[in-house]
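Asker: Below are the chains, spelled out letter by letter.
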Amino acid sequence: MNTTHREVYGSMGTQKSIVRKHTKRLSILKENAAGYAFLAPSLILFSVFLFYPLIQSIYLSFHLTDPRGNVASFVGLDNFTQLFASPVFWNSLSVTMKFTLLTVPAGIVAGLLLAALTHTKLKGMSIFRFIFSLPVALSVSTSSVIWMMLYHPTTGMFNYFLSKLGAAPVQWLIDPTWALISISIMTAWMNSGFNYILLLSGLQGIGDDIRDSARIDGSGPFRTFFRILLPLLSPTVFFLTVVSVMNAFQSFGQIHILTKGGPAGSTEVFVYSIYKEAFVNYQFGTGSALALVLFAMILLLTWIQFRFIEKKVHYQ
Amino acid sequence: MTANRLLRASLIYFVLIIAATIVLYPLAYTFLASLMTSEESSVYPPKLFPSGFYLGTFRTVLDLVPLQSFIMNSFVVSAAIMAGQVLIASMAAYAFVYVAFRGRALLFAIFLSTMMIPWEVTIIPNYLTIKSWEWLDSYQGLTVPFLASAFGIFLLRQFFMQLPRELFEAAKIDGCGHVRHFLRIVLPLSRPALASLAVYAFLNAWNMYLWPLLVTSSDKMRTVQIGISMLQFEEMTSWNLVLAGVSLVLLPSLLLLILGLKQLVGGLTAGAIKG
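In order, the protein sequences belong to chains X and G. Using our numbering, you'd call the opening residue of the first sequence number 1 and step up by one each time. Using our numbering, you'd call the opening residue of the second sequence number 1 and step up by one each time.
Only chain G is shown next, with the shape it has when bound in the complex:
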């Protein structure tokens, strides 16, 4: 029995280690290559590990490409989208759960069905709208179309529904209006759900590709994702430079993942599955 169990455990570890190697290898390759000097990275056969902890490549890539400003732009855009989505979605979710207004069921059904509309269907008219407002190459153009999210509304609605109803009744009897109830009771109690929406919204905005590609044209407004894909078209063929750029871009999202993984795991499934 125990021998059997030992065999099974080692088999599991064996499969897991192979899978982990496959998942990790491209990332490890990126970080290791960005620590190599350019001579090291161009030898054949390629080296698997850098000889030392060389940070010069990061400096070179920052001198060559305005990565700092790309990262800054992405950060501003993602933070704005995150804040907007959390605020606007929680307001809408509050209305759907706690306010008895006419057309509530219909509007909720309409909002929910917008999740089915692929973003590509709206992209041409949205591009023309943004262009006609002269919002191309601006922060407004990058953020405003994404401030409302049906997914966020749905996620928060599911969470608000789980809050004890008695709290609301008690607050109402105490003469607490909707605004105060929303700000003082519902939002503080929903911190976990708000946090998972925030992480999800930030990561999504940070990783956006097609829209920034269309609406930005100057280096000044370029987001990091477009900046990074430009790296390889630039006149530099040193791989370690490109990969050092990729590493710099990856770090903030990896950091956010480490901090927010728990929120993401519990929160997303609560909204998505138990609907």
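Next up, chain X with everything else stripped away, as it sits in the complex:
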């Protein structure tokens, strides 16, 4: 389009520069129009389902609502002060922290071990790679239902295996000291596929030449892994840590299906509290306040990780 303009007007001597300026402005205008046209669907969807709700959440958190979601009265910061004064809030915070500590480090270490072991040139590795990737296809509800069967106190397989070993049965989901651990085991299993895929592709990205030259230099497999591969893999490990912590803080499905937050609140993670407050008790105001606290915590945690841990990450 621009070129044809220029071809037509190009010969008209004195007007040339004016016309060129004009076509240039026109083309800038057209670029802007094109840019926003391509962005329009995302912009509209983000505005309606992300930016507006974010502002609306802040608005709701300063109000009390009726069960239909209409604002009843302005309460200022009361929702937040009530929250910080309630033992339920501190309980769900500590449950979420424990859950994160139980699932994230173990999941990453296990994923690293499996990725390192299957990143060898031994026979049959592709079968193992497929097996370890499998859990990525599982949803939280199918995993939870399967494990609910396995955890069943009288007819579950785990207690059957324990009895075979001569051990006393465990009340996996019913005993308050075990419930969160049981849910963490199931979660670690469910997430292992994603961790494994990510770490394996990270390892594959490093390339064989580095490993080969390390071997030629006389470095054993353990030394090569810890001194050379692990530092090179640290961007992936860091990414995985950030994402896993976020995911752990946002877990909901397995708790909703397996324990409903019980027994005695021992598995009531943060998102479950939000769900209960907003969609069981219909307190949208306090529910929003809780959700914003979650947002702030995730932001803070991510910031801490970037600020302090990323320094140790080795970027090529």
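The set of hints was computed from the structure by calculation and includes no laboratory data. Mixed in with the good hints there might be a few duds.
[As the list claims (entries may be wrong)] So the derived label-pair ranges between C-beta atoms look like this:
| # | chain 1 | residue 1 | chain 2 | residue 2 | range |
| --- | --- | --- | --- | --- | --- |
| 1 | G | V76 | X | G265 | 36 to 44 Å |
| 2 | X | F51 | G | I18 | 46 to 54 Å |
| 3 | G | S138 | X | Y282 | 17 to 25 Å |
| 4 | G | A79 | X | F74 | 39 to 47 Å |
| 5 | X | K121 | G | L189 | 42 to 50 Å |
| 6 | G | Y44 | X | A296 | 24 to 32 Å |
| 7 | G | L255 | X | G265 | 21 to 29 Å |
| 8 | X | S213 | G | Q162 | 23 to 31 Å |
| 9 | G | I110 | X | G76 | 28 to 36 Å |
| 10 | G | Y139 | X | F51 | 20 to 28 Å |
| 11 | G | S113 | X | S27 | 29 to 37 Å |
| 12 | G | L87 | X | F74 | 38 to 46 Å |
| 13 | G | I110 | X | H22 | 29 to 37 Å |
[Stated by the list, open to error] Derived DSSO-like pairs: lysine-lysine, alpha-carbon spacing no greater than 30 Å straight-line:
| # | chain 1 | residue 1 | chain 2 | residue 2 |
| --- | --- | --- | --- | --- |
| 14 | X | K21 | X | K260 |
| 15 | G | K47 | X | K164 |
| 16 | X | K21 | G | K220 |
| 17 | G | K47 | X | K276 |
| 18 | X | K98 | X | K276 |
[Unchecked claim] From the derived model, a few chain G residues whose C-beta atoms are all more than 10 Å from chain X:
| # | residue |
| --- | --- |
| 19 | T2 |
| 20 | R8 |
| 21 | G52 |
| 22 | L55 |
| 23 | S138 |
| 24 | P145 |
| 25 | L163 |
| 26 | E166 |
| 27 | F168 |
| 28 | E169 |
| 29 | A171 |
If you're wondering where the values come from, they're calculated on a predicted model, not measured in any experiment. Cβ atoms here follow ideal geometry from the backbone N, Cα and C, with glycine treated the same way.
Let chain X serve as the given structure and place chain G on it in line with the hints.
Answerer: Relative to the frame of chain X, chain G by itself:
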């Protein structure tokens, strides 16, 4: 040396086989139990393997629960979200890479920062929005809020940046506009990245739990994930029935994984790590 190496290899296989057993056992248990008759599944001590290849349980569970319609709903919803995300994200990514418009850097930063917003923060207002539009219990309510994805935009942008710039310049000189350039050059060249986003979007949508739980209330609109968690609350205590239902639900995602694993492995890391 060779003895040493043999020892190491067998040690590796030993660890891998144990790990594979742990990872596979819950899945194997599910599929094996769904092949048992109800008598077999209720004996004590529990049987590890079914005596035969009994498929009746699948029929019974399909008669008891409208699993077909749950699977259909999930499929429609996931396919719509997948198509929408791929199209909308590739358009936005195209704009960020190839169109020089005002506010590009700022908008990209804003889009990227939305990845930090946990979905739970928006869930209450979104639920109220969907409710006020009377979209509860409808396909629109299940899909529209998920059609745009900042992750998808970011992933595709990284990929588009790697495409040779000269192609774009050459096309521009030939008088090729943005729409044609986008449809004829950028999209066909980006097939691997589009495929990995498609697999990722489909799996995520298929596995969605909290949102469908909130916005669907009738069996007609229920997605498979909510349907499956309802199985155990139904009046049936036969485990093999529940597990047969789980197996049926698992099959499509496992199939997709087998077909799309390569795409997923290469694609996700390209976007996520080398950013």
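Asker: Work down the list of hints and note, for each, if the structure agrees.
Answerer: A quick look at each hint next to the structure:
Range check, V76 (chain G) to G265 (chain X): Cβ separation about 38 Å, and the 36 to 44 Å hint holds. For F51 (chain X) and I18 (chain G), the Cβ-Cβ distance of about 49 Å falls inside the hinted range of 46 to 54 Å, so the restraint holds. The hinted range of 17 to 25 Å is satisfied by S138 (chain G) and Y282 (chain X), whose Cβ atoms lie roughly 22 Å apart. Between A79 (chain G) and F74 (chain X), the C-beta spacing of about 44 Å keeps the proposed range 39 to 47 Å intact.
Remark: the range hint 42 to 50 Å for K121 (chain X) to L189 (chain G) is contradicted by a beta-carbon distance near 33 Å. For Y44 (chain G) and A296 (chain X), the Cβ-Cβ distance of about 51 Å falls outside the hinted range of 24 to 32 Å, so the restraint is violated. Take L255 (chain G) and G265 (chain X): their Cβ atoms lie about 40 Å apart, and the range 21 to 29 Å is violated. With their beta carbons about 27 Å apart, S213 (chain X) and Q162 (chain G) fall inside the hinted range of 23 to 31 Å.
For I110 (chain G) paired with G76 (chain X), a C-beta distance near 29 Å keeps the hint of 28 to 36 Å intact. Checked against the given bound of 20 to 28 Å, the beta carbons of Y139 (chain G) and F51 (chain X), roughly 24 Å apart, stay inside it. Separation of S113 (chain G) from S27 (chain X) is about 31 Å and conforms to the stated range, judged on CB atoms against 29 to 37 Å. Separated by about 42 Å at the C-beta atoms, L87 (chain G) and F74 (chain X) satisfy the suggested range of 38 to 46 Å.
Remark: the range hint 29 to 37 Å for I110 (chain G) to H22 (chain X) is upheld by a beta-carbon distance near 33 Å. Pair hint K21 (chain X) plus K260 (chain X) does not hold up; C-alpha atoms about 67 Å apart against a cutoff of 30 Å. A distance of roughly 13 Å separates the Cα atoms of K47 (chain G) and K164 (chain X); the hinted pair therefore holds under the 30 Å criterion. Of the pairs offered as hints, the one joining K21 (chain X) and K220 (chain G) is violated, with about 61 Å between alpha carbons and a cut-off of 30 Å exceeded.
About 39 Å separates the Cα atoms of K47 (chain G) and K276 (chain X), which puts this hinted pair outside 30 Å; it is violated. Under the criterion of a C-alpha separation no larger than 30 Å, the hint pairing K98 (chain X) with K276 (chain X) is consistent with the structure, at around 20 Å. The Cβ of T2 (chain G) sits about 14 Å from the closest Cβ of chain X, beyond the 10 Å cut-off, so the non-interface label holds. A Cβ of chain X approaches the Cβ of R8 (chain G) within 10 Å, the least distance being about 8 Å, so the stated non-interface status is violated.
Every CB of chain X is more than 10 Å from the CB of G52 (chain G) (nearest about 21 Å), matching its label as outside the interface. Its beta-carbon lying about 20 Å from the closest one in chain X, L55 (chain G) satisfies the requirement of being farther than 10 Å from that chain. Once the 10 Å rule is applied to beta carbons, S138 (chain G) is consistent with being away from chain X; the minimum gap is 15 Å. Look at P145 (chain G): its CB is around 4 Å from the nearest CB on chain X, not clear of 10 Å, so calling it non-interface is violated.
Chain X leaves L163 (chain G) outside its interface by the beta-carbon criterion, the shortest separation being 16 Å against a cut-off of 10 Å. Non-interface call for E166 (chain G) relative to chain X: holds, since the shortest CB-CB distance, roughly 18 Å, exceeds 10 Å. At roughly 13 Å, the least C-beta separation between F168 (chain G) and chain X is larger than 10 Å, which holds for a residue marked as non-interface. Every Cβ of chain X is farther than 10 Å from the Cβ of E169 (chain G); the closest lies at roughly 13 Å, confirming the non-interface assignment.
Here A171 (chain G) stays apart from chain X, with its beta-carbon at least about 13 Å from theirs, past the 10 Å limit.
Checked against the numbered hints given earlier, this structure breaks hints 5, 6, 7, 14, 16, 17, 20, 24; the rest are met.
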